[in-house]
Amino acid sequence: MNPTGGFVLPVILALPLLGALFVMLTPRGEGSIARGVGLVVSTATFVMSLLVLRYFDGKAAGYQLTTDAVWVKSLGIHMKLGIDGISLWLVLLTTFLTPLTLLAATKSIEKHVREFVAAFLVLETGMLGAFVSLDLFVFYVFWEVMLIPMYLLIGIWGGQRRLYASIKFVLYTMVGSLLMLVAIFYLYVQHGQVTGIYTTELTHITETGQTLGLAHLVLPHDAQVWCFAAFALAFAIKIPLFPLHTWLPDAHVEAPTPGSVILAGVLLKLGIYGFIRLAMPLFPHGAAVLAPYIAILAVVGIVYGAVVAFAQDDVKKLVAYSSVSHLGFCAIGLFSLTVSGIEGSIYAMLSHGLTTGGLFLGIGMLYERRHTRRLAEYGGIWKQMPVFSGLYLIIVMGSAGLPGLSGFVGEFLSLFGTFNAGDTFPTNWPHYLPSPRLLAAISTTGVILGAIYLLFMFQKVFFGPLDKAKNGHLPDLSIREKAVFLPLVVLIFVLGFFPRPFLAKMEPSVKAFIADYHEKLAEPDGPARMMNAEGSPDALKAKLEGAAAKLDAAAARLGGNAGGQP
Amino acid sequence: MDTVKFLWVVPFLPLAGAFLNLILGKRLSRQTVHFIAVAAVAASFFTALYLVVGPLREAYGVWKHDGRQGAFGLDEHLWTWIQAGDLKLDLAFRLDPLSSVMILIVTFCSTLIHIYSTGYMEHEPRYGAYFGYLNLFTGAMLILVLGSNMPVMFIGWEGVGLCSFLLIGFWYENEAYATAGRKAFVVNRIGDFAFLLGMFLLWWATHGVDGGKSLDFVMLRDVATAHPDIYEHKFWFDERLAAAAGILLFIGAAGKSAQLPLYVWLPDAMAGPTPVSALIHAATMVTAGVYMVARLSFLFASSTTAMAVVSIVGALTALAAAFMAFAQTDLKKVLAYSTVSQLGFMFVGVGTGNWSAGVFHLMTHAFFKAGLFLGAGSVMHGMEGSGDIRIMGGLKKYMPITRITFLIYCLAIAGFPLTSGFFSKDEILAGAWAANHDGWPVFLGKLLWVMLTVAALGTAFYMWRLYFLVFEGKYRGAEHVEHPHESPINMTGPLMVLAFLALVAGFIGIPHVIHVSGTLGDIGHFLPEWIGLSTKPMEMHLASGTTYALLGTASVVGLLGIGLAYALYGKGPSKLVDRFTAGPGKGLYEASKNKLWVDEGYDFAFVRPFRALARGTFAIVDRFIIDTVLVNGAGFVMSLFSRVSRWVQNGQVQRYLVGVVFGAALIFWWTSHDDHPSFSYKAVPGGIEFRAEPGHGLRSGAAVRWDFDGDGQPDPGETAPVVIKRPGDVASRVTLFVVDPVWGETDKQGKPKSLARVTRRVKLPAASTEAPATPAASSAGGEP
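First to last, the sequence lines map onto chains A and B. Numbering follows my numbering, with no gaps: position 483 of the first sequence is 483. Numbering follows my numbering, with no gaps: position 227 of the second sequence is 793.
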């Protein structure tokens, strides 16, 4: 672990937040100043986040660049931040997309620019915080912090049905996250009662599992299932998994371009990330019971999202449903619990962030010119905007998973991992469910379906005769717009041809995640069962005494707040 | 494994050319554009040539000298592409006999077609884009061919699909052309889906074996050789894994190489510029499937089932496509179906384990079919873009070079003796005749041979029909195009080169029964032996007499087809044909002309249902069930509750009082609404137990009185809800009174009053009546 980089994460969290404050101090109505500040701040954040790469040790598995400050001592809440191979690239994706999106938003946001920039920067802090926080409570706070600016983005700068969409978005998300909060409380109390240490610090809760062989077993089997279900609901809504997805098309259609980009590019990933970071390590037995069902929902989502996308006549809705399909690949890869599957899942998230972000940015550029998103209004755009069309084709192909572009690597690895999951899947996969191999085969049809709806969209917009009068005078990309697209397109190629450096940095963390998961599963899953399994009371007593000694050590490490009753 | 340097240059040069032309194409002059493009592919060809005759030949000598150890080939490892867990895929190229032949064919044909395009496309406004795509295609095709593992091959595999999409839809303003491009991509993707699954299956079977952690061809081959049992895994439907993987991969090949049932995109692909059809949809890309099957010969060799599938599908395709070609009236459509049919021949070749014959035909076909397309382009160029053969005829007068070269190609494809097509087609036919693999029915090989011979007859007929209709007879298009003209030298030059090759290329694969020795022998038997180094040898026995007989049959069949065509079309369309198609042959003619209605069938069976499914799912499942009923429904229920409570709590005292009254009424009703009291009884030791059931609500707290003596009045002292009586003390009628002790048990007149009463006739159980007689029972019952 490299101690020198500890300052990076607090800085990239604080920068956008301070930037937001500063933006609110600029004069009202001076949109360009606010934009400039936003751009500078988010670019600075991006540059700072590149420092993460400098300090990050790609060969280590644990959390790095950690900082730890006690926030609420009596409750054992820590402001603990850290990053590992799983969150690393998601953090960079966030800091990369934010300035690009702000740059692209110059034209699409014209009212309340100052407030927009501020909300956007707060959103960035929220997302980054959720990715790097290592405390359940802090995670929850950031999780909810994201919600507010997004709500405002849709509700203030959105389209005609923005109120319906924004309320739908908030309610959907809240339903899930409140149950998650309940589960967090339950875990907190149970953990405190059994170990005597009341804390929400994630590493502590999960690590005691390893050191004591006891604490992650705090929850009996059924409680784990319920808690996992509560977390899973929150994350499944975020992903979104079928049938919890209907907030997404509405939110996308009504949100302004920058909102859509961030929503698809980053926010959805938090669902998958939550499963990896929280739900599965905390409740391994619950995960083992429910994972097959979630995997099936993911497969349904892959096919369903793609089929429904084909029926859309609104470009944004089409891309929104394509997200349902693509995130299904991420979910199925994750639940394959193979190294390649999980790395594929993370990689597919990165690629989806770039490609779908790019798709939405492009739609925004078209919308600024034509003020419509209906497919029927377009046709023959290639003739009018060849540069745009060419770049857009690359993004579309990246999204369709053309090998050599970013989308392929993630999809390939997820499917590959799922296909081979049957040999390694830790639980007894229920015999009445389709086997992982069959699920992978069904998911692979997404390759065909993706080509169908994406090329359908591409043809409707860019090919065909240029017969609509309004399309006759569309200017091609401006320099600013090229500056938005170029980094995306370059990265799509880089991720397609050179995935190895990215994957290599993930690998230790992913391997540790899987090993940890299997280790936990191998142990009995609850105090009651443990009593039975231990056999003689003496053996149990000895184990508990050993545990107590380790607890003391852990308490000392935590800085003395252990044992503090809430 | 030996390595080679600069192999990457071969695909890189065209890719770099594509990059330049796509980025800068608009700003460059036409000369610069086509100079870049042509130079890139030509340089690529010469690099390939150098690598083959230089390093590869040298390595071959060394390998032979060292006793032919291991697989022969040269590798170049560029970088590790994907590494995750135990999967490690290198971006690596491999030059071996098979890929060396392929890269030479690809770069050579590509160079010629690039040169040809400078003439054919000279008026095209999007000149840079055209050459950019063409270069990109060449680069992708070279990656496909050179890739040393399956995923790298897949990069090229999908890359050529993309270029095909772009070039078919090159004139995208025509909606039908754009749709044709999309159709090609989607149908190819169906194949790619199977390709991916086949790849996963292979990995599943082989990973971890001998430390294998990639999908490298050589590694897969070594595993197959060292552990043949791996492919014997029982799999779905009790079929062996080799068959499952082989068939899946063949579906992928069928998508790319336009075989049944996925061939439908290829005829539509004629929407693209003609040089594109020549390069992509005849000479190179569509042969990728054949190449892949030959490349995976070790896999197919271990499953005769998969081989049977490959060869039967190939033969059926050859027949069906030849049939569809009969009645086409568009020059390029005839050639398109001919391509489908010839690809079927190649699949029979590789499907019968006759790998080199498949590749041999692939090569000769590349020459004569590219030539045919380019010739067709030249004709259309001279006919101001029209490809309708009904308005042609007698063009030999106007286009002598095009005509002569076209004649040569037609000879070759018809299998005229000693032309290239004669040798390669004969190899396939002979292989089919001799094929008798384990598990195959004995007649299968012969059946394939019959099917192919019929298809060959058809080929000779429709190709020569085409030739006669276009070049012989009288010119019929005077009112459409007044002065057809010959094409410029940059178009006819490539035609002549290809014609030369179509004539002589067959001499590197003459049948083995023809003994030649020395250098001539090296050349004459070069190709089968060379390809054999890369493929798994299959046994094939054919007596020399049979071989000669088959050669003779093939020649006769070819000549027969040509003769038939001459009889019917030699001097323009004959009346006989019209009479036949209008009379007895009408059904056949319509079937051929409408391509067996396959497109319509697919439209009916897949396209429309899918569209309906998408719309229906969206409207019913997404909008109605999930969004309206569940999501907004939940919101509606919530708001319903809130509306009710809002109405109640509006602050008016009167409304609250109404609530109080109704509430109180509800309480009273609830507490007293039901029930008639009842009681039950049963025999217990010591007597009969009576159990009062006064009812719910308030009555559950009420007191009870009993009448056991049957006088209709409560018996004094009998107040317990559960009473045990001796049978003798009980009358035949028992009454239960429910009384309210608080309000009094008698009315003002002193009559007993009760809230309710119930009287029942009691049947005394026989056993219980005797109970008191036995002391044991009595003592067990306790005090009565």
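Where hints are given, some of them may not hold.
[Said to hold, decoys possible] Capping the alpha-carbon separation at 30 Å, the derived lysine-lysine pairs in DSSO-like fashion look like this: (1) Lys505(A) with Lys592(B); (2) Lys511(A) with Lys654(B); (3) Lys592(B) with Lys59(A); (4) Lys383(A) with Lys1159(B); (5) Lys779(B) with Lys107(A); (6) Lys779(B) with Lys511(A); (7) Lys59(A) with Lys779(B); (8) Lys383(A) with Lys899(B); (9) Lys468(A) with Lys779(B).
Just so you know, the hints here were simulated from the structure itself, not pulled from any lab data.
Hint check results:
1. Lys505(A) with Lys592(B): Outside the cut-off at roughly 41 Å; violated.
2. Lys511(A) with Lys654(B): Within the cut-off at roughly 16 Å; holds.
3. Lys592(B) with Lys59(A): violated, 47 Å
4. Lys383(A) with Lys1159(B): violated, 35 Å
5. Lys779(B) with Lys107(A): Violated: lysine 779(B) and lysine 107(A) sit about 50 Å apart, past 30 Å.
6. Lys779(B) with Lys511(A): The given pair, whose Cα atoms are some 17 Å apart, holds under the 30 Å limit.
7. Lys59(A) with Lys779(B): holds, 21 Å
8. Lys383(A) with Lys899(B): Distance ~28 Å between lysine 383(A) and lysine 899(B) Cα, so the pair holds.
9. Lys468(A) with Lys779(B): violated, 54 Å
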